[in-house]
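Asks: Listed below are the residues making up each chain.
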Amino acid sequence: MADQRKSWRDRGLMLATLPVSALMLFFFLVPLGLTAALSFQSTKYYRVVWSWDTGTWIDVFTHGHYWSIMLQTITMALACVALCIIISLPVAYALVNRMRSVENHVKVLIVFAFLTDAVLKTFGWVLFLDRTGVMNGMLETIGFGPAATDILFNPGATLLGMVYNLLPYTIFTIYLSLARIDRDLVLAAYDAGASRLRTFWEVTLPLSRPGVIAGGVLVFVLSLGVFLESKVMGGGTSPMAAELIRQTFETRVNWPLGAALTLVVIAIGVLTLGGAGALFLHLNSRKGTA
Amino acid sequence: MKKLMNGMAGMGVDRRTVLKGGTAAAATAAFGGGFGMRPASAATSMRYMCWEGYDKESIIGPFEKANDAELSIDLITDSAGGFAKLAAGGYRDFDVVSSDSPWIARMGPAGICEYLDDEEFADAYASFYPQFRAPFAPLQFEGKATGLPTRWGWVGPTVNTKFDKLETWSSYDPCFDPAYKDKICVLDWGDWPIMPMALHAGINPYKELDDAELKEIRKVLRALFKNTRALVGDLSVAQKGLMDGSFRALIGGGTYCTSALRKDGNDHIMSIVPEPKDGLNQGIIWMEATGVLKGTDNPDLAKDLVRHMVSPEVSVDLAWTEATCNLVPSQDAEDLFSDEQKSVLQMDYMWEAWDKSQFHDIAPNVDEMLAIFQEELAAAN
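Sequence order for the protein chains is A and B.
Residue numbering for the first sequence follows full-length UniProt numbering, starting at 1 and increasing by one per position.
Residue numbering for the second sequence follows full-length UniProt numbering, starting at 1 and increasing by one per position.
Honestly, the hints are just simulated from the structure, not real lab data.
Remember, predicted model here, so these are calculated numbers, not experimental data.
Note that the Cβ used here is the ideal one computed from N, Cα and C, for glycine as well.
There's no promise every hint is true.
[What the hints assert, rightly or not] Derived DEER-like restraints, expressed as beta-carbon distance ranges:
id: 1; chain 1: B; residue 1: Asn204; chain 2: A; residue 2: Ile266; range: 37 to 43 Å
id: 2; chain 1: A; residue 1: Leu273; chain 2: B; residue 2: Met347; range: 56 to 62 Å
id: 3; chain 1: B; residue 1: Arg222; chain 2: A; residue 2: Arg209; range: 42 to 48 Å
id: 4; chain 1: B; residue 1: Asn204; chain 2: A; residue 2: Ile58; range: 28 to 34 Å
id: 5; chain 1: A; residue 1: Leu273; chain 2: B; residue 2: Glu208; range: 43 to 49 Å
id: 6; chain 1: B; residue 1: Pro109; chain 2: A; residue 2: Leu71; range: 53 to 59 Å
[What the hints assert, rightly or not] With a Cα cut of at most 20 Å, we get these calculated PhoX-like pairs of lysine-lysine:
id: 7; chain 1: B; residue 1: Lys183; chain 2: A; residue 2: Lys44
id: 8; chain 1: B; residue 1: Lys144; chain 2: B; residue 2: Lys165
id: 9; chain 1: B; residue 1: Lys240; chain 2: B; residue 2: Lys181
id: 10; chain 1: B; residue 1: Lys277; chain 2: B; residue 2: Lys356
id: 11; chain 1: B; residue 1: Lys165; chain 2: B; residue 2: Lys183
id: 12; chain 1: B; residue 1: Lys207; chain 2: B; residue 2: Lys219
id: 13; chain 1: A; residue 1: Lys121; chain 2: B; residue 2: Lys277
id: 14; chain 1: A; residue 1: Lys44; chain 2: B; residue 2: Lys207
id: 15; chain 1: B; residue 1: Lys165; chain 2: B; residue 2: Lys219
Starting from the given sequences, assemble the full structure and let the hints guide the process.
Replies: Quick look at the structure:
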């Protein structure tokens, strides 16, 4: 089948996407521009002073703790991406290849979990994992002492909450990639004498790469903005970027600083997207030349 | 942009006006037999920015009925944020505000709130405890009042006496005791946990601080975070931990965290004020106040709402809300509380707490202290 994709320069296509593009321009770029403008102002007695100076940015670049929180956020986001992919790959693979009869039921269950409010799920985890929570209660009844586990209020608990809330993104993107793989390619590998593991490694996994990258990017970008998990499950003692921004806007009422920190997080997200896009193009070009 | 906003403000186009116009339009539609529109139910519309509890139907309803008015409520979740919203021009959209007293006090000089004549509220002041009567210094600026006090309480360690004796918390020392490692809950409520720690370090945070004093505050916060199990913004999580003993004390809360638990029969949960240290009171008195916003279209009705909020009957209702229970400045209201309510509110202890406390105000160095808090928290893990 001939490739019928249109160039983005196509006038008809440009016209058709004009309303959405205009909306995006207005509701995304204009607020972004205002945020950038705000970052060059200062505050006095909790009020923004339109001073047009770089004081806020100097503050951002000279205070190490902002960057240690950013680094912690990136580390947590990368760990979350890795865990989500590691968990999602076998789940998605099983959905496509091993659980055909219950595939739809499992998908519905995942969608239900996905659509359940994150606040509810996060507080549910607190009730479950607390020292006096459901899990320790169950452990106590089977012979472990009281408060056998102490999982809450540390970075590990934050990561657990992040992975739990963001897992559906990687499951579904990887699932879609796996579902599109031509079954004949897998059978051809078997015919050529490849083991199941080798077939997975050399055929299935490379072909599922778009889903892995798309899911990874989605989870990474969303991870940069999580605050509920670090605040509720992590106990707030290892703050992440979103919580830092909230504190700066709400508690310190320093809107220019909050705006600058917001732009830093957006820059990290954009650079990640750019990097992932470049990686994807590079891999595709290698595939093309192979 | 700024010009455009100023222009709109100059034209009097704000939400208050739009609401008023909406009421008129609804009235017209109802009169003309318009379908699908709610007929105007009140002659006057007002907008009220307040904390949770002030919006109770049993408080607002009678006022609306008595004055043929309709109140639109906008709840605030933090005082600084509420102030910032009003200061950014939002005051044109509101008529009355109830918030923490230092912010209300600041609204007068900032041109956000109208000054109130104490004489006009003489009856209300006469019903207050002597400590709150006019001229009430914390809400005065150059001899003029910005608002009237409506609720109050104290900040000190909140303790579960099933696990700890109250005497243990006659100072903040357990916060730094290795025996309490991983057992302290710090409330993530802006400067509230910082101020008691500064006082413990022998520094009065409500005066201008020098670098050495800020360094001391940094040290005490660093030590606090070593023992901190969680920094909690959600009251229910803090209360749950306190009840089951996983948190041995809540720092930065006080009566605001205690009363709802005591209302449910948990008399063993108490908020106390540590003993004065080196002549420095260790407790903090917090207070909420209600003021009238600048340029309100209904100044008389707005003042009536302030009077309504501090009347003895409403004071009792305001003291006793679902989320929290708090003290009120109305002495006349005291007789209207039941013995159980008095016990829940720790009324037998209130003047002792008052005597051992500082009055909460906006600290001159609050932003530096908040930045230090952020820095030490980031460094703690």
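Asks: Each hint needs a verdict: does it hold in this structure or not?
Replies: Hints and how they fare:
Remark: the range hint 37 to 43 Å for Asn204 (chain B) to Ile266 (chain A) is upheld by a beta-carbon distance near 41 Å. Separated by about 59 Å at the C-beta atoms, Leu273 (chain A) and Met347 (chain B) satisfy the suggested range of 56 to 62 Å. The beta-carbon spacing between Arg222 (chain B) and Arg209 (chain A), approximately 46 Å, falls within the hinted interval of 42 to 48 Å. About 31 Å separates the C-beta atoms of Asn204 (chain B) and Ile58 (chain A), a value consistent with the hinted range of 28 to 34 Å.
For Leu273 (chain A) and Glu208 (chain B), the Cβ-Cβ distance of about 47 Å falls inside the hinted range of 43 to 49 Å, so the restraint holds. At about 42 Å, the CB distance of Pro109 (chain B) to Leu71 (chain A) disagrees with the hint of 53 to 59 Å. With a C-alpha separation of about 38 Å, the suggested pair Lys183 (chain B) and Lys44 (chain A) falls outside the 20 Å cut-off, and the hint is violated. About 44 Å separates the Cα atoms of Lys144 (chain B) and Lys165 (chain B), which puts this hinted pair outside 20 Å; it is violated.
A threshold of 20 Å between alpha carbons decides the hint, and for Lys240 (chain B) with Lys181 (chain B) the separation of about 19 Å falls inside it, so the pair holds. In summary, the hint linking Lys277 (chain B) to Lys356 (chain B) is supported, as the alpha carbons are separated by about 10 Å, within the 20 Å threshold. At roughly 15 Å between alpha-carbon atoms, Lys165 (chain B) and Lys183 (chain B) fall within 20 Å of each other, so this suggested pair holds. Between Lys207 (chain B) and Lys219 (chain B), the direct Cα distance comes to roughly 19 Å. Compliance with the 20 Å bound is thereby established for this hinted pair.
Restraint check: the Cα-Cα separation between Lys121 (chain A) and Lys277 (chain B) comes to about 44 Å, which exceeds 20 Å; the hinted pair is violated. For the hint pairing Lys44 (chain A) with Lys207 (chain B), the CA-to-CA distance comes to about 18 Å; that is within 20 Å, so the pair holds. Note on Lys165 (chain B) and Lys219 (chain B): the hinted pairing is violated, with a Cα-Cα distance of about 27 Å set against a maximum of 20 Å.
In this structure, the earlier hints numbered 6, 7, 8, 13 and 15 are contradicted, and the remaining ones agree with it.
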